[in-house]
Structures are given as C-alpha cells and as structure tokens.
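J.: The chain contents come next:
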Amino acid sequence: MPYANLPPKAFWKSCRETADFRMADLHDPAFPLPAGTKVATAGSCFAQNVRPWLEASELQVMDVEPAPPGMTPDVARRFGYGLFSARYGNIYTARQLRLMIEDCMDDRTDANAVWDRDGRRYDALRPGVEPEGLASVEEVLFHRRAHLRQVRRLFRRSQVIVFTLGLTEAWVDATSGHAYPSPPGIIAGRFDPARHQFVNFGFSDVKADLKAAIDLMRVDNPDLKVILTVSPVPLTATASGGHVLSATTYSKSVLRAVAGEIAAEDTGVDYFPAYEIIAGTPFGADRYKSNLRDVTASAVAEVMKVFFAAYGLTLPEMSGAAPAILPGQDEDDAIAICEDALLDAFAGRG
Amino acid sequence: MRIGLLGNSHAGMLIQAVESAAPEGLELSCLVQTGPGPDRLRREGTRLVAEDPDLIRFLDRAGLARELDLAACDTVVMVGMTLAIRFAALLMRPHTIAGWPSAETVSAQLDARRRPADLTPISRPAALAALAARAEDMALHRLIALVREASDLPILIVPQPHPSADALDSTGEGTASLQHLHSRGDGPALAQLLDEALTRYAGQFDRVHLVPRPLDTIRDGFLTDAAFMRGSQRLLGDGEHVAHDVFHANAEYGRQQLSLLTGEMTKVLSR
Numbered sequence: 001m002p003y004a005n006l007p008p009k010a011f012w013k014s015c016r017e018t019a020d021f022r023m024a025d026l027h028d029p030a031f032p033l034p035a036g037t038k039v040a041t042a043g044s045c046f047a048q049n050v051r052p053w054l055e056a057s058e059l060q061v062m063d064v065e066p067a068p069p070g071m072t073p074d075v076a077r078r079f080g081y082g083l084f085s086a087r088y089g090n091i092y093t094a095r096q097l098r099l100m101i102e103d104c105m106d107d108r109t110d111a112n113a114v115w116d117r118d119g120r121r122y123d124a125l126r127p128g129v130e131p132e133g134l135a136s137v138e139e140v141l142f143h144r145r146a147h148l149r150q151v152r153r154l155f156r157r158s159q160v161i162v163f164t165l166g167l168t169e170a171w172v173d174a175t176s177g178h179a180y181p182s183p184p185g186i187i188a189g190r191f192d193p194a195r196h197q198f199v200n201f202g203f204s205d206v207k208a209d210l211k212a213a214i215d216l217m218r219v220d221n222p223d224l225k226v227i228l229t230v231s232p233v234p235l236t237a238t239a240s241g242g243h244v245l246s247a248t249t250y251s252k253s254v255l256r257a258v259a260g261e262i263a264a265e266d267t268g269v270d271y272f273p274a275y276e277i278i279a280g281t282p283f284g285a286d287r288y289k290s291n292l293r294d295v296t297a298s299a300v301a302e303v304m305k306v307f308f309a310a311y312g313l314t315l316p317e318m319s320g321a322a323p324a325i326l327p328g329q330d331e332d333d334a335i336a337i338c339e340d341a342l343l344d345a346f347a348g349r350g
Numbered sequence: 351m352r353i354g355l356l357g358n359s360h361a362g363m364l365i366q367a368v369e370s371a372a373p374e375g376l377e378l379s380c381l382v383q384t385g386p387g388p389d390r391l392r393r394e395g396t397r398l399v400a401e402d403p404d405l406i407r408f409l410d411r412a413g414l415a416r417e418l419d420l421a422a423c424d425t426v427v428m429v430g431m432t433l434a435i436r437f438a439a440l441l442m443r444p445h446t447i448a449g450w451p452s453a454e455t456v457s458a459q460l461d462a463r464r465r466p467a468d469l470t471p472i473s474r475p476a477a478l479a480a481l482a483a484r485a486e487d488m489a490l491h492r493l494i495a496l497v498r499e500a501s502d503l504p505i506l507i508v509p510q511p512h513p514s515a516d517a518l519d520s521t522g523e524g525t526a527s528l529q530h531l532h533s534r535g536d537g538p539a540l541a542q543l544l545d546e547a548l549t550r551y552a553g554q555f556d557r558v559h560l561v562p563r564p565l566d567t568i569r570d571g572f573l574t575d576a577a578f579m580r581g582s583q584r585l586l587g588d589g590e591h592v593a594h595d596v597f598h599a600n601a602e603y604g605r606q607q608l609s610l611l612t613g614e615m616t617k618v619l620s621r
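In the order they appear, the protein sequences are chains A and B.
Start counting the first sequence at 1; every next residue gets the next number (our numbering).
Start counting the second sequence at 351; every next residue gets the next number (our numbering).
Be aware that one or more of the hints could be misleading.
Some chain B residues near chain A, calculated using beta-carbon distances under 7 Å [unchecked claim]: (1) Leu441; (2) Ala448; (3) Leu460; (4) Ala462; (5) Pro466; (6) Ala467; (7) Pro471; (8) Ser473; (9) Ala476; (10) Ala479; (11) Ala480.
Covered, in the sense of this in silico footprint (three residues per stretch, anywhere, with C-beta under 8 Å from a C-beta of chain A), are these stretches of chain B [unchecked claim]: (12) 483-489; (13) 510-516.
The set of hints was computed from the structure by calculation and includes no laboratory data.
Think of the CB as a built atom: it goes at the ideal place given N, C-alpha and C, for glycine as much as any other residue.
Here chain B stands alone, though its shape is the one from the complex (with noise of 0.2 Å):
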C-alpha cells in the first residue's frame, strides 16, 4: 500500500515510525514541509508539483522527490497543517464556554461581587465558528481542495500532537495560554472542543477521514506524555527538536499514531 504524505512539521514523527518498523507493504511517499506545510503547490494531472523556490530546495536537501503522483497511491495522508490545541488556547483564554469548569468560577464571580467576572462567556458555536474560519484558512484546507481536483482517493487527516506536558513548566512562545487554560481546569474541555471542530471539519468533506490520536499519550485531558515528546527528530532526520521543544512528537508517539492510522485506512479502504 503506498500511501502519498503530506504534511509539515510533525509528519517526522510519523515518517520516522515507518523508517524504523513500518507494517510490511507499506511505503510513503512524502511532500512535506516545515512551518504551514507544502502549501504552493501546482496540479498537473493526477500530480502535485512543488513550485515554491523554498519548498523544492527543502525537498532537495531531504532527497524527497519534487511532486507526489496520487494515481500511484493508495490514500492520502495529510499530518498536521490544521487546527491545533494553541490556536484553540489562544482562542479561549478570555473566555469560557457554559459546562466547562471556568464556568462554574465565573458564576461565582457574578454572584459575589458587582463588577464583570474574569472570563466573558463564549457560545460553543461561537467558539467552533471560529475555529472553523481557521481551519478554511491553513494549509490543509487548500491541499484538501487540491488533492480533490485530481483525485478521489480516501484523505486521512492525523492531527498535530498536542503539546507536551513539560510545557506546562514551559516558559517558550505560546505555551502561556496552555498554562493558563490548565491552571482554570479547563485543559480536557478545550481539547474536546478542537476535537469536535477537527470532526466537523472532517466532515464536510466526502472521504476524508479524521484519525484519533493516540490516547494512552494523552496527559492532563490536553497534551501529551512527554515520554512520547522528548528526543524527537527533525523533519529532514538532521537532528533532535532543540531541548526545550514542546510540539514535536517522537518516534514512539508515531508509532502509536501508524497504528491508528493503518486501522482506519483498512476500515476506510475496505468500505
């Protein structure tokens, strides 16, 4: 089975998982890279043709071919270039949603004192609304449409890990939110939240399948174990993720991923 990758950052993980014990039979072949993903891309055909000055020297210096042939695949899977839970954090940090357990805090606000509570309350379709217009506007989106102009193959969607659970000590750039959104108890809501927003966006697609991520990772309701975090490998294999990186997943974490991923393309295939 050839599966066509697509993905940046965090397709490593997935990529060094089938270097080190793929499933026999399977084979990728990768469009990736680093930041938004492999966004400029041109159509010829069934093929998608790197065009972007950076992305063709990125796939130079990696030896990864400059287009991905989808008549040669069996299905398409796309890693990360959506939707994550920092963006959904940064959404959420003024606000909470009716359920959570924020809630309950600002209610008590409200009946003990005159002035606003600490949170302002969001709809849950407010808040999905927005994480909607998001995910329209990043690169998975537009290779969603792409890969749909040549192809009907099955697209399977693995989300971008959460963020290690070190980054609740974590003082790097965007982990402040991940802190706050924790220490008001909210981390497990805020992650079913981004679920039911990747599930709908899934959804209105035909044949493009959201797989799960792997749960025995999951710590604190919203990130990952940092067992399945630390040491993890860069894109192009030249490397560990700097020490203190918190969003790469490792080679273990993918192997959990691969797993999940090959059970859903069996049951999406055999359909």
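Chain A with its partners taken away, still in its complex shape (with noise of 0.2 Å):
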C-alpha cells in the first residue's frame, strides 16, 4: 500500500509529534561533504549569515579577495570583504550569477555598467562594494577586471559553491542586458524607464540561468559540486505591481522549485532546505526578527546545526551568538549586508 512504509518524516502528524519537527530527518545530502573540503559562498544577503558558520566549521572555506590586513571587521564589511568568498556583493538572482560567470570566462568588462553619484563612480554589478565609490570608470574596470580573474580562480579551486536564490525580481539594462542586483538610481546611477526594464523571472528563465551558471563553472572544474539554498528573508519591496506577500511567495516558490528540480537532475548539485527551516509553516514568525523580515541569530543557528548533522560535520561553538553580529553590536542592529534592504526608504511615499 503506498505511504504504508514511509518513515515517520514522511507525515505531517508525525513530525508534529516531537518538539523539533523531525529537523534531523530533513536533509539527506546528496553527496558527502568532507572535513576540509573547499567551500566557496554566494547569493543573496541571506548568505552571508551562513559564512561565519561554515569559517568556524572543519570546511576550508575559500576567501580569494580578503580583507587586507589589519583592516578592522566593520570596515571589512562595509567594503564588501569577507561577506562572500569573493567580493561580488549579494547575488540575488540566477541571472546575475549566470552574467559574473560569463564575464568571467569572456574576462569582459562593460563601462556601460558603470554608474555616477556625486562624481564619483560605481560598479553597477556590485555597487554596494564601494560605498564611497571610485575616481575614474577606468578605475571601476581595473578592479572589476582583477576582480573576475579572482572569481574564476575561486570557481576553478572550490570542490564546493553554496549559493543562495534570492529573488526573481531584477532591474535589467535592455541594451546590454546587464541585471543589477540593486536598481538604478538607489545606491547610484540615474533611472532610466526607456533602457533600466523590470524583470520578474518565471521558474524557466531561473532554471535556464542557474544551469547555464553551474555548466560554466565546470568548464574550469568539471567535479564542482553545488548546494543550493533559498533564502527565507522575505522581499523589502515589489516592482511586480502586486502585493509584497503574494510577490514574496511567488518569488521564493519558483526559486524553491528551480532549487528542488536541478538537484533531482543534478546528482552534483544538492538544495539544503534552509528555507523550511526558517519560513516552514511549524515555526510561524518566531525564527524572524519583529519586522518579519530579518532572521534571527538562534534560527541561522538552526539551520546550521540541522547542516552540520545533515553532512556529519562537527557544530562549530559560536557562543550561540548571530554570526553577522559584530563586537558591540545589538543583534537587532546586525543586519547583512542587503541593497534591498535600502528600498524601504521608499515606503509610505506613493
């Protein structure tokens, strides 16, 4: 009889039944995951909460544009370093990964993705790097192109790339399709309705993406294994036209999808279900922050501890502290590094 000899996880009573929902049944990883294996991160803000995790754990997590040193943990941040295992900023979408990746390999750089602010200069594909910008566009494509030399070295070494899906929603360059992970005008740049278009990718543009993505990463490693993640943090905002919580479902709807389904025909690529863990319907609000918007620190410790387990994998002692929080710091004050973070400034002015 079907479901006659499912395991307990398999039913929503059951799960129900014990204090923790079953969270050590969760995840059953698709390939093994070694101490000392070589761990790259990237994605959206969401991520960044994982890496400290993932430092203080037995994974060699790869940094190839680090902090230079002696340079102080806040300023790190605020300059991009040590968020990611590069510095790209957040990677929201699978169409932002897809275009790094193959600037990467083109070794292409656009100064028509160069943004102005005050006279100074900004990278529009990462333009949350650079607070206070640079001189020159020639000065923003020197550092980008040294920049996407780093990025094909990280992708070339890594035997692990954690991404996190972020969002659908993307401001698009109609000319030159560059997808900016921040919309003109917001950090820099100067809106433009005739050439800056909004995008909500469906489940197939996202698929199409990320694959095109993971099969240019192996061109330099054919043995790159992938973890996909979503992250739970809701949208700060919609362009759709609809309401932020149908957008914010659909958002993350297609990229749970696209995540579930690449892993099925991927045997290299595995999605670790942190977006269940946060947003699952067992846990209500209690694992966000009161504008249920940012995660708590003891739920990323969650997600990590169900990791860990999951990979067999040593959890590393973070004095129960959010990972992102700094010395000094009140967790309602550490907050990821998030350019979408900056349109709620926009709320309550339509």
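Could you use the hints to bring the two separately framed chains together as a complex?
T.: The structure is reproduced here in structure tokens:
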C-alpha cells in the first residue's frame, strides 16, 4: 500500500508530535561534505549569515579577495570583504550569477555598467562593495577586471559552492542585458525608463540561468558540486505591481522549485532546506525579528545545526550569537549588508 | 611657553632636541611611556594622572612627574602613538591602488595572462577607512578625548618618523613590508596615503593640528635618511637604541622636527 511503509518524517502528524518537527530527518545529502572540503559561498544577503558558521567549521571556506591585513571587521564588511568568497557583493538572482560567470569566462568588462553619483563612479554590478565609489570609469573597470580573475580562480579551486537564491525580481539593462543587484538610482546611477526594465523571472528563466551558470563553472572545474539554498528573507518591496506578500510567495516558490528540480536532475547539486527551517509553517514567525523580515540569530543557528548534522560535520561553537553580529553590536542592529533593504526608504511615499 | 608633551618612544628625539637646543622660553612637561604610549591616565580636573603601575614605575625611573596639569600648559604636543608607515605598508602589501606604480604592473599582468595579478586592487576610500579605524583604536585617539574633557588647548600631533632608509637592508621585524612596497616603487604613494589618513584624522577634531615631518630628512619618499636615525637615544636617556634599530630618530631629526613644531605652534597660537 502506498504510504504504508513510509518513515515518520513523511507524515506531518509524526513530525508535529516531536518538539523540533524531526529536523534530524529533514535533509539527506546528495553527496558527502568531508572535513577540509573547499567551499565557496555566494548569493543573496542571507548567505552572509551562513559564512561565519562555515568558517568556524571543519570545512575550508574559500576567500580569494580577503580583507587587507589589519582592516577591522566593520570596515571590511562595509567594503564587501569577508561577506562571501569574493567581493561580488550580493548575487540575488540566477541571472546575475550567470552573467558574472560569463564575464569571468570572457574576461569581459563594460563601461556601460558603471554608475555615477556625485562625481564618483560605481560598479553597477556590485555597487555595494565600494560605498564611496571610485575616481573614474577606468578605475572601476580596473577593479572589476581584477575581481573577475579572482572569481574565476575561486570557482576553479573550490570543490563545493553554496549558492543562496534570493529573488526573482530584478532590473535589467535592455541594451546590454546586465542584471543589477540594485535598481539604478538607489545607490548610484540614474534610472532611465527607456533603458532599465523590470523583470520578474519565471521558473524556466531561473532554471535556464542557474543551469547555465553551473555548466559554466564546471568548464574549469568539472567536479564542482553545488549546494543550493533559498533565502527565507521576504522581499523588501516588489515592483511587480502586486502585493509584497504575493510577490514574496511567488519569488520564493519559483526559486524553491528550480532548486529542487535542478538538484533532482544533477547528482552534483544538492538542495539544502534552509528556507523550510526558517519560513516553514511549523515555526510561525518565531524565526524572524520583529520586522518579520530579518532572520534571528537563533534561527540561523538552527539552520546550521541541521546542516552540519546532515553532512556529518561537527557543529562549531558560536557562543549562540548571530555570526553576522560584530562585537559591541546589538542583534537588532546586526543585519546583513543588503542593497534591497534600501528600498525600505520608499515605503509610504506612494 | 610650556608644552605638555604626551608620547611614546618617538618623543625621545624631541625631548633630546629641546634639552640640547631649546628655543628660549620653551619648557616641556612630559608624560611619556615606551610602547603604545601613556594610555592609562586618569583625569582629575585639568590634571592627567598616571594610574597604570607600569607607567608610574617608568615615570619614576625617568625622574618625571606622575601627572600633567593642562592648566599650566599653553599647548599640548602628542608624539607618535598613532598611524605609522609600518602599518600602512602591512595593509597595502597584498594590494595596489589605481595610479600607484604597481597598478601599472597589475594592469600589464591582467593583459598578459589569464590568471589573477600578483596584487589585488583596493580602493583609496577602503584603504583610508582601514587606516582611520586603526587610528581610532590607538593611544593617541584616547588621549585626545581625555585632553578634550579637560581643556580646549590646541593639540599638535607630531607623527612618528618614517623608518630609516637602512630598513631596506634590514632583516628586522616590520621591515619586510617596507622593502616590498619599495621594490614595487610604491613607497612615495604609500607615504602620501598615510599623510592623507593622518590629515583627515586630525581634521575631524577642533584645534588639533598635524605637524609635518621635516622634508629634508625623507629618503625614497617614505623613509628617513639614515643620518637622522643612527645613534637615536632611548626615551629614558639611558643610552642608544640597539645598533640595528631602524625605527627611532636621533636628536638631529628632533631639532628639525622641533623647528617645524614651534613654527606650527606660533601659527596656531596666534589665531
């Protein structure tokens, strides 16, 4: 009989009867993650919370663009150091990831992807990593070119990349195809309605972009494995014309479905259910801070507890504190560096 | 004119210069300590009082008072205790900044090969932010705050002398990064970066002024001519620094620095 021989984890009731909803049974890894594995991290700002845990673990977390010696952690974070395995800033969409890797492979930079603000120049494809901008377009391109070389080296040397899918919504340049992590005009640049178009990627778009990105990464590194997660952080705002709750549900649903399908099709890809551990129905709103958007430190800790247990790794001691919290910082102030959070400033203006 | 002098071992050159050739009417009241400087002081009204047992022992050995009364001073001079070229060199060792000589090399490497360049670009704002954060964690920063609690006297910052040009041939601690920056041709650019950081740092306070280093002493754009370093005396006056010391300046450097200091003081006090 169908269902008759299924384990308790297959039944809502059985899970509900345990205090932690049978978290130990939540993830069955697609591949092992032995101690010492070289792991790279990338993705939306939620992924910033994961990185310190990985760094404290037996895994070898890659960083091809580390902060300069002696730079304090808060300055480093402000300038995009140590947030991910390279200074690419937040990669919210699969399209962003794909285009960045294409740029790496083709050694391609584009002066059209340089924004201006108050006479300073910004890399439109990672505007958050230089909060004061650079002096010239040439300097931006110099930095970007050197950055892309490091990113390619990162994907060549890593054994596993943990990529956190964040959004389906993006602003793209109709001329160049660039997908920006932040709409023009927010951090820098000027919004041009004729050129800058809103896109809400669907399942097929996201899947095609993500598959292409993975395929490109494997050009240099055929054995590269990928762990996909979906950020449980709701959208700050939607430009879709709909309600932000519906937009969030759509976005996360698409990303979750794509991640699941790619993991099902590719033995070198695993989906780790961080999204479910935080946003899942059994946990209500307890795993979010009072704004119901930022994730609590204890929720991140729960995600990592399940992650390390699933892969047979030792849970590092993190003193119960949120890893993204700096010394002397309150948890409520300790939010990841997120460009999309800047959209909050527009709330109530309409 | 009475100067309240706060400083670390680099204050030695200035003290010796005053002792050997003090301008008429210039008097020093010193609260100094080797290492990071006289960091742990207690304020009692306008008096800064040593409370760290090590500092008290040091002052007693040197025959110096255990306190400095700011009310009796016309100005405060702080020597060293803040950013120095050594830290800047350590920071910049893996990096280049657009416009620096090494950035040309990096560009050429990116053109010529597919792998990353030997150095990673860092933005000037990021480097300056790193230096600023470092400065705010050093003894000078805490001493400025302490002095400002008690007094609005002008404060003049005398920067630590650049290391000796002998550092280029030294195997001593802290010299490898200097040699590396020199080999890249980045020494002068590094010194400019440091000076910009110090100028910005001093500029954030009211009535705090940065005294320039004596230009004639500078070699290779970021070091000090060895003639101004050899034979430097220890802060306590109990002999010279070790022969291979490349970080402390001698009394001749002190005399040149004193000349610049008094000139700056005259300007500041006449405002």
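J.: Next, verify each hint and record whether it holds.
T.: Hint-by-hint comparison with the structure:
| no. | hint | result |
| --- | --- | --- |
| 1 | Leu441 | 5 Å, holds |
| 2 | Ala448 | 4 Å, holds |
| 3 | Leu460 | 6 Å, holds |
| 4 | Ala462 | 12 Å, violated |
| 5 | Pro466 | 4 Å, holds |
| 6 | Ala467 | 6 Å, holds |
| 7 | Pro471 | 5 Å, holds |
| 8 | Ser473 | 5 Å, holds |
| 9 | Ala476 | 4 Å, holds |
| 10 | Ala479 | 5 Å, holds |
| 11 | Ala480 | 4 Å, holds |
| 12 | 483-489 | holds (count 3) |
| 13 | 510-516 | violated (count 0) |
In this structure, the hints that do not hold are numbers 4 and 13, in rising order.
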